[in-house]
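Those protein sequences? They're chains A and B, same order as listed.
Going by this note's numbering, 24 is the number at position 24 of the first sequence; the sequence numbering is gapless.
Going by this note's numbering, 2 is the number at position 2 of the second sequence; the sequence numbering is gapless.
Hints are not guaranteed to be accurate.
Derived DSSO-like pairs: lysine-lysine, alpha-carbon spacing no greater than 30 Å straight-line [stated by the list, open to error]:
(1) A:K4 to B:K255
(2) B:K218 to A:K2
(3) A:K164 to B:K218
(4) A:K2 to B:K175
With beta-carbon atoms standing in for the labels, derived distance ranges [said to hold, decoys possible]:
(5) B:L112 to A:R332: 39 to 49 Å
(6) B:I115 to A:E54: 13 to 23 Å
(7) A:S52 to B:V288: 37 to 47 Å
(8) A:L45 to B:T23: 23 to 33 Å
(9) B:G380 to A:L86: 29 to 39 Å
(10) B:I99 to A:G53: 18 to 28 Å
(11) B:I115 to A:G98: 21 to 31 Å
(12) B:I410 to A:D198: 26 to 36 Å
(13) B:H429 to A:T240: 45 to 55 Å
(14) B:L113 to A:E54: 49 to 59 Å
(15) B:I404 to A:S149: 48 to 58 Å
(16) B:N216 to A:S213: 39 to 49 Å
(17) A:G61 to B:I410: 33 to 43 Å
It is worth saying that the hints were derived from the structure and are not from the lab.
For every residue, glycine included, the Cβ atom is placed at its ideal position computed from N, Cα and C.
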Amino acid sequence: MKIKNIITVFLLALILGVFCIFAILKPQTRFSDSERRYLEKFPELSIKTVLSGEFMKEFEGYTLDQFPLRDIFRGIKAFSEQNIFLKKDNNKVFKAKGHLSKIEYPLNENMIDNAVDKFNKINDKFLDVSDNIYFSLIPDKNYFLATDSGYLHIDYNQMSEYMKNKLPYMEHIDLKENLSIEDYYYTDTHWKQENLIDVARIFADKLNIEIPSHYTENQLTEPFYGVYCGQYALPVRSDTITYLTNDIINEFKVTNINDLGKPEEGVVYDLTKAKSKDPYEIFLSGAKAVQIIENPTVANDRELIVFRDSFGASLLPLIAQGYSKTTLIDIRYVYSDAIGYFVNFKDADVLFLYSSIVLNNSSSFR
Amino acid sequence: MLFSSIPFLYYFLPIVLLLYFITPKALKNTLLMLASFLFYAWGEPRYVLIMFIAVIASYILGLLTENENHSGRRKLWLTLSLLVGFGMLCYFKYVDFFITNFNAITGLSIPLLEIALPIGISFYTFQLTSYNIDVYRGDTKAQRNFINLAAYISFFPQLIAGPIVRYTDIETQLKYRTHSFEKAAYGIRRFIIGLSKKILIANALGELCDIFKSSNDKSILFFWLYAIAFTLHIYFDFSGYSDMAIGLGSIFGFKFMENFNYPYISRSITEFWRRWHISLGSWFRDYVYIPLGGNRVNNIKFIRNIFVVWMFTGFWHGAAWNFIIWGLYFAVLLLLEKFVLKKFLDKHRIVSHIYVLFLVMISFVLFNAADIKEALVYVGGLFGYGAHTFVSAEFYYYLRSYAIVIFVAIIGSTPLPKKLISRITAAEHVEPIFLAILLIMCTAYLIDGSFNPFLYFRF
Numbered sequence: 001m002k003i004k005n006i007i008t009v010f011l012l013a014l015i016l017g018v019f020c021i022f023a024i025l026k027p028q029t030r031f032s033d034s035e036r037r038y039l040e041k042f043p044e045l046s047i048k049t050v051l052s053g054e055f056m057k058e059f060e061g062y063t064l065d066q067f068p069l070r071d072i073f074r075g076i077k078a079f080s081e082q083n084i085f086l087k088k089d090n091n092k093v094f095k096a097k098g099h100l101s102k103i104e105y106p107l108n109e110n111m112i113d114n115a116v117d118k119f120n121k122i123n124d125k126f127l128d129v130s131d132n133i134y135f136s137l138i139p140d141k142n143y144f145l146a147t148d149s150g151y152l153h154i155d156y157n158q159m160s161e162y163m164k165n166k167l168p169y170m171e172h173i174d175l176k177e178n179l180s181i182e183d184y185y186y187t188d189t190h191w192k193q194e195n196l197i198d199v200a201r202i203f204a205d206k207l208n209i210e211i212p213s214h215y216t217e218n219q220l221t222e223p224f225y226g227v228y229c230g231q232y233a234l235p236v237r238s239d240t241i242t243y244l245t246n247d248i249i250n251e252f253k254v255t256n257i258n259d260l261g262k263p264e265e266g267v268v269y270d271l272t273k274a275k276s277k278d279p280y281e282i283f284l285s286g287a288k289a290v291q292i293i294e295n296p297t298v299a300n301d302r303e304l305i306v307f308r309d310s311f312g313a314s315l316l317p318l319i320a321q322g323y324s325k326t327t328l329i330d331i332r333y334v335y336s337d338a339i340g341y342f343v344n345f346k347d348a349d350v351l352f353l354y355s356s357i358v359l360n361n362s363s364s365f366r
Numbered sequence: 001m002l003f004s005s006i007p008f009l010y011y012f013l014p015i016v017l018l019l020y021f022i023t024p025k026a027l028k029n030t031l032l033m034l035a036s037f038l039f040y041a042w043g044e045p046r047y048v049l050i051m052f053i054a055v056i057a058s059y060i061l062g063l064l065t066e067n068e069n070h071s072g073r074r075k076l077w078l079t080l081s082l083l084v085g086f087g088m089l090c091y092f093k094y095v096d097f098f099i100t101n102f103n104a105i106t107g108l109s110i111p112l113l114e115i116a117l118p119i120g121i122s123f124y125t126f127q128l129t130s131y132n133i134d135v136y137r138g139d140t141k142a143q144r145n146f147i148n149l150a151a152y153i154s155f156f157p158q159l160i161a162g163p164i165v166r167y168t169d170i171e172t173q174l175k176y177r178t179h180s181f182e183k184a185a186y187g188i189r190r191f192i193i194g195l196s197k198k199i200l201i202a203n204a205l206g207e208l209c210d211i212f213k214s215s216n217d218k219s220i221l222f223f224w225l226y227a228i229a230f231t232l233h234i235y236f237d238f239s240g241y242s243d244m245a246i247g248l249g250s251i252f253g254f255k256f257m258e259n260f261n262y263p264y265i266s267r268s269i270t271e272f273w274r275r276w277h278i279s280l281g282s283w284f285r286d287y288v289y290i291p292l293g294g295n296r297v298n299n300i301k302f303i304r305n306i307f308v309v310w311m312f313t314g315f316w317h318g319a320a321w322n323f324i325i326w327g328l329y330f331a332v333l334l335l336l337e338k339f340v341l342k343k344f345l346d347k348h349r350i351v352s353h354i355y356v357l358f359l360v361m362i363s364f365v366l367f368n369a370a371d372i373k374e375a376l377v378y379v380g381g382l383f384g385y386g387a388h389t390f391v392s393a394e395f396y397y398y399l400r401s402y403a404i405v406i407f408v409a410i411i412g413s414t415p416l417p418k419k420l421i422s423r424i425t426a427a428e429h430v431e432p433i434f435l436a437i438l439l440i441m442c443t444a445y446l447i448d449g450s451f452n453p454f455l456y457f458r459f
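Based on the sequences and whatever the hints tell you, model everything.
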């Protein structure tokens with residue numbers, strides 16, 4: 001009897017046995033910090049769920065989510081994909097020029113048309129031809145990252161042209177010349193507020209408002225691991241979140257409209273979010289359907305209404321300095337038909353500010 | 001339940017192995033039968049009863065056939081057993097195909113039954129019918145112990161995707177089989193190699209095929225990349241499953257026939273089919289081709305026999321015309337080789353390899369199409385039909401991203417790695433560590449992956 005055979009049997013039996021016992025006895029984990037999602041729980045066991053096959057299907061998901069040392073195994077897979085099979089991406093997430101990013105491809109005309117359709121309906125229902133209506137497409141970081149690194153990416157210029165053709169009544173504000181990859185976090189999809197002063201100035205010029213050039217930079221002490229960290233599954237360097245303040249921003253009064261349509265007091269920088277799953281949410285407290293920023297320091301009566309996604313949360317406090325009132329609307333969280341209850345469009349400037357990623361996945365627009 | 005799944009690897013398998021080895025010898029087959037029914041019920045809770053009824057019918061009809069001396073009644077029992085087996089197969093797998101074609105010919109609108117296909121039905125019905133035919137022919141005794149017959153049919157390692165194990169091959173093993181570290185280690189080795197072929201290679205290539213299919217940027221070179229990827233994918237997927245089945249069988253003390261023998265090193269299509277899905281080929285040879293007269297008939301009948309066997313082989317793979325055409329495509333090639341090409345292929349070594357790979361690749365593009373229309377589009381795409389560009393950004397990207405997987409798969413479909421690994425692992429401790437690393441890697445891919453279907457489950 002070869003010793004090799006005995007070692008083979010015992011070693012493999014040990015691996016199967018140990019993980020079997022470990023998997024059965026391990027307490028359930030509720031939330032995955034690295035993946036920013038709730039994990040599958042043990043499914044309901046009944047005759048009905050067994051006979052329908054529902055239990056078995058959900059049990060498979062449960063075993064995958066609750067497997068012992070799950071994050072280490074995900075790291076092993078990512079390492080193997082990157083270093084053994086030399087795959088360009090792992091679950092579409094890749095690292096290039098020190099940045100993590102995710103492949104967003106191809107350009108999805110159906111989704112873009114869906115967004116255009118929503119914008120047109122808003123225009124038809126609430127806006128007048130005399131209103132100042134602006135549109136700005138925020139390039140996702142792949143525009144700066146993927147071309148040189150050989151990754152598939154959405155053609156930002158093509159999307160931008162498409163939007164210009166589909167929304168001819170809006171004035172289009174081009175941002176790409178004033179942005180570079182350095183303006184985005186290494187580990188996250190979003191841009192850095194401290195690098196957006198020039199971008200804010202472009203808007204100020206177009207919207208004909210005055211905004212200051214001087215800010216105080218404040219840094220969060222907690223390291224920021226962005227949305228791609230967990231998906232990448234390998235160790236990466238952290239980012240730092242910096243937020244800008246000055247005498248005007250410090251005077252802002254923020255009101256969030258809650259799910260019941262009731263106003264609640266908000267803040268520009270919600271520092272309680274610094275230790276949350278997504279510290280980028282310090283900017284205007286993260287996802288909110290409707291928010292109002294009132295600026296008591298400005299003498300004019302001008303109002304800005306912005307339809308926006310999460311990119312707007314870090315940029316808009318800078319632009320809001322030029323208006324007495326800025327209303328932020330995220331139609332992923334509020335029905336666009338219902339916004340008339342919260343917003344008066346009369347004499348307001350209207351800005352549609354969206355990233356190319358969100359427009360390319362606009363199915364959540366309501 | 002999939003072999004390449006966490007519930008199988010880390011729940012079902014360790015528990016069944018533990019119970020199996022502590023169970024007394026007399027009850028081992030009972031345990032295997034119960035475990036196998038659980039294994040099947042996990043994926044098909046409603047259809048486990050169908051399989052159970054089929055086994056009972058086969059068992060009773062086998063006994064009736066053996067105990068009957070009157071040749072007419074023996075034929076009757078055999079016919080009944082074939083009706084049960086093939087009737088089930090026809091009902092679950094082919095009835096909608098027949099209705100669709102009947103509607104097309106007559107202009108009627110008979111509604112389709114839309115019955116879900118019980119997984120593995122093509123495999124276990126072939127095992128059942130071969131058992132009853134063998135009993136009828138007197139090649140084997142009918143199994144008097146129901147547990148043993150049920151354990152043979154339902155034995156989970158080969159239940160849902162083969163190899164198609166003949167009863168005559170494991171009749172003795174059902175009663176008398178031995179267990180040893182050598183057999184267990186061999187089984188573990190085969191199982192983990194098969195698991196790795198499936199998870200590390202086949203799944204990656206399958207992903208690439210899916211990416212191609214959903215792409216709006218198909219270029220001629222992307223069609224070729226897809227054809228190469230799918231040709232490798234189907235081999236690693238199916239041979240990986242067979243390796244796992246053979247390995248598991250060995251751990252439980254059984255010896256199954258080999259199902260693949262490096263088919264892509266063949267120098268003719270005839271040789272390819274001696275190396276590809278061997279258990280299916282030998283089933284059709286023994287139960288269809290030879291009863292029709294095989295090659296010991298005149299040329300006209302020989303040609304008929306080849307066409308009949310290959311039409312059924314194609315049809316066995318799926319209830320669609322592209323599978324029938326796929327089978328007939330091989331019939332034509334086999335006849336061409338027999339009457340025209342054999343000498344040429346024998347003389348030209350490199351040309352014969354290219355010839356086989358090219359024709360097999362085309363066949364699998366045909367095979368993987370959803371229907372005839374898609375098959376024509378995909379085969380046409382390879383040769384520039386359909387206004388496709390020659391090259392595209394997606395082709396470049398995915399070629400670069402999957403180059404290593406494709407390279408490993410090409411090398412892995414030859415005997416080279418086996419020789420290499422046996423040299424590397426000649427040292428006592430290297431092989432177990434190598435296998436452990438592979439198992440850990442496979443586990444990691446399962447935990448983080450989403451692409452994991454087995455192609456042959458649909459057959």
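So, going through the hints one by one against the coordinates:
no., hint, verdict
1, A:K4 to B:K255, "holds, 21 Å"
2, B:K218 to A:K2, "violated, 53 Å"
3, A:K164 to B:K218, "holds, 28 Å"
4, A:K2 to B:K175, "holds, 27 Å"
5, B:L112 to A:R332: 39 to 49 Å, "holds, 40 Å"
6, B:I115 to A:E54: 13 to 23 Å, "holds, 20 Å"
7, A:S52 to B:V288: 37 to 47 Å, "holds, 39 Å"
8, A:L45 to B:T23: 23 to 33 Å, "holds, 26 Å"
9, B:G380 to A:L86: 29 to 39 Å, "holds, 32 Å"
10, B:I99 to A:G53: 18 to 28 Å, "holds, 26 Å"
11, B:I115 to A:G98: 21 to 31 Å, "violated, 55 Å"
12, B:I410 to A:D198: 26 to 36 Å, "violated, 52 Å"
13, B:H429 to A:T240: 45 to 55 Å, "holds, 47 Å"
14, B:L113 to A:E54: 49 to 59 Å, "violated, 24 Å"
15, B:I404 to A:S149: 48 to 58 Å, "violated, 18 Å"
16, B:N216 to A:S213: 39 to 49 Å, "holds, 45 Å"
17, A:G61 to B:I410: 33 to 43 Å, "holds, 34 Å"
Hints 2, 11, 12, 14 and 15, counting from the list given before, are not met by this structure.
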